[in-house]
Amino acid sequence: MIQMEYYLIISTLMFFIGIYGFITRKNMIAILISLELVLNAVEINFAVFNRYLFPGQLEGMFFTLFGIAITAAETAVALAIIINAYRTIGNIDIKNLSKMKE
Amino acid sequence: MNFSNFLFMEQEIGLVILFVFLFLYDTFCSEKGKQYFQGVAVSLFAAFTVYGFFPLLTGEAFGGMYVSSKLTIFMKNILNVATLIVFLQSNNWLASKETVHRRGEFFTITLVTLLGMYLMISAGNFMMLYIGMETASLPLACLAAFNKYREKSAEAGVKYVLISAFSSGIMLFGLSFLYGGLGSFYFADMAAHLTGSPLVILGFVFFFGGLGFKLSLVPFHLWTADVYEGAPTSVTAYLSVVSKGAAAFALIFALYKVFGPIEVVWHHILWWLSVITITLGNLFAIRQKDIKRFFAFSSISQAGYILLGIIAGTAQGMTATVFYVLVYLFSNLAAFGVIAAVEHYSKGDTRIAAFNGLYKSNPVLAFVMMLAVFSLGGIPPFAGFFSKFLIFMAAADQGQWILVFIALLNTVVSLYYYLLIIKAMFITEGEANAVGRFRTDNYNKVSLWICTIGIFVVGILSVIYEYIGTISFGI
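First to last, the sequence lines map onto chains A and B.
Quick note: the first sequence uses the numbering used here, first residue 1, plus one each step.
Quick note: the second sequence uses the numbering used here, first residue 1001, plus one each step.
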């Protein structure tokens, strides 16, 4: 059986790659993809902890299921808002979202 | 399944019924019938708010997932009152040509976010807390982008939705470690097994970071100013009072019910965050030229004061915190009511300079703004003084003298920038194109009356504070 630590290493890597992408990416869709990485890393964590540490219960799995559903909703809303921004601003480069800094 | 559990969720169910009714009304009513929408929606919501003040059932439902106590009901009532005031203030903006056909959406979306905040407050399980938080923050992003054709509003929506998803990701990462260390999501079970093991502390730090975004504490505050400025004024008011209040309540419950045993750990974190939040919020507020941005930073520093009460960790601290949010609601919403009126009649001008000479043209509005600002700053006869005093007392009782001293110094700083607004209204001459004399619409008038009465009465009627004292608890 694969040890738990390997799963945790993968999920932690995914989490921080997601954060790195969230900070450095310039395209809003790419930022959204980075967010997906962050959230999916977390869901791996829940499932793995449940499977290896508490095999008698299902709470972690349930959390994963709810998390997937909510993440999907989040993506839908974020895409809608990005499309709205595209319509008013004209592109989806994050640099153009600095009107209020002036 | 035992359906009697749902009896504990009276307020939630009432809100859902209200939501369904308004949604159907908005969808199927003719154009002619829709002109009464604002009146119907506001009066129904007012009736719902009054309903919350009657004694409701308390207890735990669904095996401890959902908790309803006198305290949670009182907190929900606070949020209800704030939402009602925001609804009243939104009339002018919603009646404008750009938004009038989407008026129903504003109400239904706001009710959904309110439902999410109810679940956050009543949660007895972290899954419930997370679902409530997402139900609250996703529709809020849509509200921030509500003025579809304005660039600023679109920008605010994008920033809010990305940051809130990011923060909930960080919060979940922390939660997963807490689950790994403790093996449960129920507050009671987690508190029973809680130890200061590194895994748990790591989880706590991530979890707290995620919640700090919602509460806009200082290292996590960068979204606040932009979102508050870009969002429509009524939505900004809602964000700064209702959303922030709900986050503060959820934080209190999480810290007191779950993380009580590791108070040593979070005590220091909160200490530093509170100092930085109050100080930086104040310093940045001084140099703002835009009134909504100004109130964004002022609300950041107010969040620091809220932390001050939480740090105390006693029943007194919790009482002071809840009372602080109650007073903050009236003072901040009074200010936002005036801002909404001035913004509407000056064709969207939100600079502080737009308030120049307001006393000459609209003395009553200027007076209300003065009350609000004095109450936010903490000048004695108003409620803001009492709430600040009680918060300081709760912290000082736990021996936090240095913290109280720093907070007091900051109060003086905050008085300076609050007085800048007073100066603009009363002393500076208005510009040639300044807003002239106008009559506020009746909805907004009612809201300003409620706020003014709140500012005067809540501090002086000690019954309210004592009532909160009887229902709150310490670690």
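No lab work stands behind these hints, which were simulated from the structure alone.
Please note that a few of the clues may not be correct.
[Stated by the list, open to error] Within a straight-line C-alpha distance of at most 30 Å, the following computed DSSO-like cross-link-like pairs (lysine-lysine) qualify:
id: 1; chain 1: B; residue 1: K1097; chain 2: A; residue 2: K99
id: 2; chain 1: B; residue 1: K1152; chain 2: A; residue 2: K99
id: 3; chain 1: B; residue 1: K1423; chain 2: A; residue 2: K99
id: 4; chain 1: B; residue 1: K1034; chain 2: B; residue 2: K1347
id: 5; chain 1: A; residue 1: K26; chain 2: B; residue 2: K1289
[To be verified] Ranges between beta-carbon positions, derived for each pair:
id: 6; chain 1: A; residue 1: A72; chain 2: B; residue 2: H1193; range: 43 to 53 Å
id: 7; chain 1: A; residue 1: L53; chain 2: B; residue 2: G1063; range: 19 to 29 Å
id: 8; chain 1: A; residue 1: A72; chain 2: B; residue 2: K1360; range: 21 to 31 Å
id: 9; chain 1: B; residue 1: V1100; chain 2: A; residue 2: T88; range: 12 to 22 Å
id: 10; chain 1: B; residue 1: N1442; chain 2: A; residue 2: I23; range: 43 to 53 Å
id: 11; chain 1: B; residue 1: I1013; chain 2: A; residue 2: T88; range: 37 to 47 Å
id: 12; chain 1: A; residue 1: I10; chain 2: B; residue 2: P1219; range: 23 to 33 Å
For glycine and all other residues, C-beta sits at the position ideal for the given N, C-alpha and C.
Results for each hint:
1. Restraint check: the Cα-Cα separation between K1097 of chain B and K99 of chain A comes to about 24 Å, which is no more than 30 Å; the hinted pair holds.
2. Among the hinted pairs, K1152 of chain B with K99 of chain A is consistent with the structure: their alpha-carbon atoms are about 7 Å apart, no more than 30 Å.
3. A threshold of 30 Å between alpha carbons decides the hint, and for K1423 of chain B with K99 of chain A the separation of about 28 Å falls inside it, so the pair holds.
4. A C-alpha spacing of about 25 Å is found between K1034 of chain B and K1347 of chain B, which places the hinted pair at or below 30 Å, so the restraint holds.
5. Distance check on the hinted pair: K26 of chain A and K1289 of chain B sit about 29 Å apart at the alpha-carbon level, within 30 Å; holds.
6. Checked against the hint of 43 to 53 Å, the pair A72 of chain A and H1193 of chain B fails, with Cβ atoms roughly 32 Å apart.
7. Separation of L53 of chain A from G1063 of chain B is about 22 Å and conforms to the stated range, judged on CB atoms against 19 to 29 Å.
8. For A72 of chain A and K1360 of chain B, the Cβ-Cβ distance of about 55 Å falls outside the hinted range of 21 to 31 Å, so the restraint is violated.
9. For the hinted restraint 12 to 22 Å between V1100 of chain B and T88 of chain A, the CB-CB distance of approximately 20 Å keeps it satisfied.
10. A C-beta distance of roughly 48 Å is found between N1442 of chain B and I23 of chain A, which places it inside the suggested range of 43 to 53 Å.
11. Between I1013 of chain B and T88 of chain A the C-beta distance comes to about 38 Å, which sits within the given range of 37 to 47 Å.
12. Roughly 28 Å separates the CB atoms of I10 of chain A and P1219 of chain B, a value that falls within the hinted 23 to 33 Å.
Checked against the numbered hints given earlier, the structure breaks hints 6, 8 and satisfies all the rest.
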